[in-house]
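Enquirer: Modelling step: build the complete structure from the supplied sequences, incorporating the hints.
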Amino acid sequence: MTKMVVAWLFDRKKEQKSVRHNRIKLDIIFANF
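For any residue, its number in our numbering is found by taking its place in the sequence shown, counting from 1, and adding 1.
Simulated from the structure, these hints should not be mistaken for lab results. One or more hints might be untrue.
Restraint ranges, calculated between C-beta atoms of paired labels, are given here [as the list claims (entries may be wrong)]:
| id | residue 1 | residue 2 | range |
| --- | --- | --- | --- |
| 1 | ILE30 | TRP9 | 19 to 25 Å |
| 2 | MET5 | LEU27 | 23 to 29 Å |
| 3 | LYS4 | ASN33 | 30 to 36 Å |
| 4 | ALA32 | THR3 | 21 to 27 Å |
Even glycine gets a Cβ: it sits at the ideal position worked out from N, Cα and C.
Expert: Here it is, written out as structure tokens:
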């Protein structure tokens with residue numbers, strides 16, 4: 002359980018850093034449809 006929380010927090014931190022990157026990735030994915 003604790004491991005999951007730590008992993009979740011780590012993902013959130015990573016997410017905040019790469020929000021722009023993820024947005025670009027999403028734009029590319031949606032452009033393919």
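Enquirer: Next step is simple, just say for each hint if it's right about the structure.
Expert: Results of checking the hints against the structure:
1. ILE30 - TRP9: 19 to 25 Å: Given range 19 to 25 Å: holds, Cβ gap about 23 Å.
2. MET5 - LEU27: 23 to 29 Å: Check passed, 25 Å falls within 23 to 29 Å.
3. LYS4 - ASN33: 30 to 36 Å: 35 Å, holds
4. ALA32 - THR3: 21 to 27 Å: Violated: the Cβ-Cβ distance is about 40 Å, outside 21 to 27 Å.
Hint 4 from the list above is the single one not met by this structure.
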